[in-house]
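S.K.: Here is how the chains run, residue by residue.
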Amino acid sequence: MNKTRMLLFRLGTLAILVAIAAVMMVVGRGHTVYLDNKKLEYQGQEYKTPYKVVVLVKGEQVAKLYDRERGSATNVGQNFEMTLEITQEKGGDETVATYQIKLPYNMDGVIINLPGYLAGLPEEAYLTEFVSTAPEEPEAEEEIPESDEFEMGEF
Amino acid sequence: MKEKNMGKKLLSLLQANSVPVTFVLICAVCIPLSGLSVSYLLNEIVTRMGRNIFLILALLIPIMSGMGLNFGMTLGAMAGEIALIFVSDWQIWGIPGVVLAMILSIPISVLLGAFCGKILNMAKGREMITSYIISFFTNGLYQLVVLYMMGPIIPIKHFSIKLPRGYGIRNTVSLLNMRQCLDNLLAIKVGGVKIPVLTFLIIALLCLFIVWFRRTKLGQDMRAVGQDMNVARDAGINVERTRIISIVMSTVLAGFGMVIYLQNMGNIATYSSHSQIGMFCIAALLVGGASVEKASIGNVFLGVVLFHTMFIVAPKAGAAITGDSMIGEYFRVFVSYAVITVALIMYETKKRKVKSQMAQQLAQEQEAENE
Numbered sequence: 246m247n248k249t250r251m252l253l254f255r256l257g258t259l260a261i262l263v264a265i266a267a268v269m270m271v272v273g274r275g276h277t278v279y280l281d282n283k284k285l286e287y288q289g290q291e292y293k294t295p296y297k298v299v300v301l302v303k304g305e306q307v308a309k310l311y312d313r314e315r316g317s318a319t320n321v322g323q324n325f326e327m328t329l330e331i332t333q334e335k336g337g338d339e340t341v342a343t344y345q346i347k348l349p350y351n352m353d354g355v356i357i358n359l360p361g362y363l364a365g366l367p368e369e370a371y372l373t374e375f376v377s378t379a380p381e382e383p384e385a386e387e388e389i390p391e392s393d394e395f396e397m398g399e400f
Numbered sequence: 008m009k010e011k012n013m014g015k016k017l018l019s020l021l022q023a024n025s026v027p028v029t030f031v032l033i034c035a036v037c038i039p040l041s042g043l044s045v046s047y048l049l050n051e052i053v054t055r056m057g058r059n060i061f062l063i064l065a066l067l068i069p070i071m072s073g074m075g076l077n078f079g080m081t082l083g084a085m086a087g088e089i090a091l092i093f094v095s096d097w098q099i100w101g102i103p104g105v106v107l108a109m110i111l112s113i114p115i116s117v118l119l120g121a122f123c124g125k126i127l128n129m130a131k132g133r134e135m136i137t138s139y140i141i142s143f144f145t146n147g148l149y150q151l152v153v154l155y156m157m158g159p160i161i162p163i164k165h166f167s168i169k170l171p172r173g174y175g176i177r178n179t180v181s182l183l184n185m186r187q188c189l190d191n192l193l194a195i196k197v198g199g200v201k202i203p204v205l206t207f208l209i210i211a212l213l214c215l216f217i218v219w220f221r222r223t224k225l226g227q228d229m230r231a232v233g234q235d236m237n238v239a240r241d242a243g244i245n246v247e248r249t250r251i252i253s254i255v256m257s258t259v260l261a262g263f264g265m266v267i268y269l270q271n272m273g274n275i276a277t278y279s280s281h282s283q284i285g286m287f288c289i290a291a292l293l294v295g296g297a298s299v300e301k302a303s304i305g306n307v308f309l310g311v312v313l314f315h316t317m318f319i320v321a322p323k324a325g326a327a328i329t330g331d332s333m334i335g336e337y338f339r340v341f342v343s344y345a346v347i348t349v350a351l352i353m354y355e356t357k358k359r360k361v362k363s364q365m366a367q368q369l370a371q372e373q374e375a376e377n378e
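In the order they appear, the protein sequences are chains A and B. If you count the first sequence from 1, you need to add 245 to reach this note's numbering. If you count the second sequence from 1, you need to add 7 to reach this note's numbering.
Here chain A stands alone, though its shape is the one from the complex (with noise of 0.2 Å):
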């Protein structure tokens, strides 16, 4: 092999390698849905929340969800699949519908605001970005190890 087509032979590799590399972060980037049966206010109006909304994703139940509750989901990829069963009104008839969202790649944690999101509202006004608001324990210091001993752990 000369050495142009050796040079060559090395590119096209470190180009697939890269080009796989970018797929996997694209197709495998994992995102927690937070699923919020809230009422939304959004320009001066009031949307209000469903009587009970059962949040289906790649068919099985994640999410039985009554007024003010939250559920989630996991999901990998940007694009979010559920199947909502909808109960308008307590004793009322149930409503099935599948829909896709886009989730932006940037956020961990994505909160989708049902009733604004079933509104039809632009997706500024029904998602919005999850963070903790927990309070955080103080956390003990960890041990900073050595890592010289001849211990057997799990293997």
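To be clear, the hints were calculated from the coordinates, so they are not data collected in a lab. Even for Gly, the Cβ is constructed at its ideal location relative to N, Cα and C. Just so you know, nobody snuck in bad clues.
Lysine-lysine pairs mimicking PhoX-like chemistry, simulated, CA-CA at most 25 Å apart:
{"id": "1", "chain 1": "B", "residue 1": "K224", "chain 2": "A", "residue 2": "K248"}
{"id": "2", "chain 1": "A", "residue 1": "K347", "chain 2": "B", "residue 2": "K164"}
{"id": "3", "chain 1": "A", "residue 1": "K284", "chain 2": "A", "residue 2": "K347"}
{"id": "4", "chain 1": "A", "residue 1": "K297", "chain 2": "A", "residue 2": "K347"}
{"id": "5", "chain 1": "A", "residue 1": "K303", "chain 2": "B", "residue 2": "K196"}
{"id": "6", "chain 1": "B", "residue 1": "K125", "chain 2": "A", "residue 2": "K248"}
Ranges of calculated distance between the beta carbons of each label pair, as one might list FRET restraints:
{"id": "7", "chain 1": "B", "residue 1": "I140", "chain 2": "A", "residue 2": "V271", "range": "33 to 43 Å"}
{"id": "8", "chain 1": "B", "residue 1": "K164", "chain 2": "A", "residue 2": "A267", "range": "12 to 22 Å"}
{"id": "9", "chain 1": "A", "residue 1": "F254", "chain 2": "B", "residue 2": "T356", "range": "41 to 51 Å"}
{"id": "10", "chain 1": "A", "residue 1": "Q345", "chain 2": "B", "residue 2": "A327", "range": "56 to 66 Å"}
{"id": "11", "chain 1": "A", "residue 1": "A267", "chain 2": "B", "residue 2": "S46", "range": "36 to 46 Å"}
{"id": "12", "chain 1": "A", "residue 1": "G304", "chain 2": "B", "residue 2": "S181", "range": "24 to 34 Å"}
{"id": "13", "chain 1": "A", "residue 1": "L253", "chain 2": "B", "residue 2": "A366", "range": "48 to 58 Å"}
{"id": "14", "chain 1": "B", "residue 1": "G198", "chain 2": "A", "residue 2": "K309", "range": "35 to 45 Å"}
{"id": "15", "chain 1": "A", "residue 1": "L256", "chain 2": "B", "residue 2": "L369", "range": "46 to 56 Å"}
{"id": "16", "chain 1": "B", "residue 1": "I161", "chain 2": "A", "residue 2": "N351", "range": "11 to 21 Å"}
{"id": "17", "chain 1": "A", "residue 1": "L252", "chain 2": "B", "residue 2": "K164", "range": "30 to 40 Å"}
{"id": "18", "chain 1": "A", "residue 1": "Q323", "chain 2": "B", "residue 2": "S181", "range": "19 to 29 Å"}
{"id": "19", "chain 1": "B", "residue 1": "L208", "chain 2": "A", "residue 2": "T343", "range": "26 to 36 Å"}
{"id": "20", "chain 1": "B", "residue 1": "L151", "chain 2": "A", "residue 2": "G257", "range": "27 to 37 Å"}
Chain A is already provided as a structure; the job is to place chain B on it using the hints.
M.R.: What follows is chain B alone, placed relative to chain A:
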């Protein structure tokens, strides 16, 4: 006469396979004493086969090129861990996360492998002890990067990965979102035993690659270098380059193996996962009947089965015999190190024996010439 020959053959066969035979005996005694069910034992062995075989196969190429047991495979393991830390921070889940970690580990493994190979070229004939010490040295570098540079210099976003002080990586990094993703995909259950088909397919591919690689020009060069460096050099083979390539390949494969190993475990023990990996992989390979200068794919499989059977049953058997499971723990630690020690002693004894035989032959020839 025939019976005598048969007896001699059997004795030499037993001598040649003394380590695997000993382990078969140990397992045969310990399995019934442990009281573990057959399905539990099989499940554990199959899981451990999927977890460890790739890592152990990484040791075959340096043995082929005469560089002995590559204790420097730890370097590849570190590369795999660093790649997994990044993937975990970037929140890439499942199989894409595993693939990305493998790709990310390649440049780090190549750099570390080339560095290790260059040093081993300066220490020909003392490769094993040198690679062992290199792994300690590189562990220091790894700690510097992971404890002090990750955070302030190398961006790490998630606080669940960082130490509470704001920089450095925690003792344990969770891989929950990719835990056993390779093992569970295409997995089948046979008689209550879970077979991780995809992991075994990947292992089979690596075995095929090794078989194919041995027949390539580079593979033949490595074997020639392994047999006699001077003859190989005279034949026009670039010995130093071939040796570096073999270490680089071993390190890259070890990086992949570590990713497979850790996805099975489901978490990274950041500062200790890699530290003993080389030792146990080498012990398993030797238990399978390999030596410092000769190892095959069969040795890898046999070694994993025997070594890990001993690993699983020893604590329970120890508890049954002495009433203290720690005895079994000590026993398996003792056996791991002992098998490496015995293999190294046998290698050195054999080498000296061959040397003295050659010297005797030379002396006889000279005597005959003088007469």
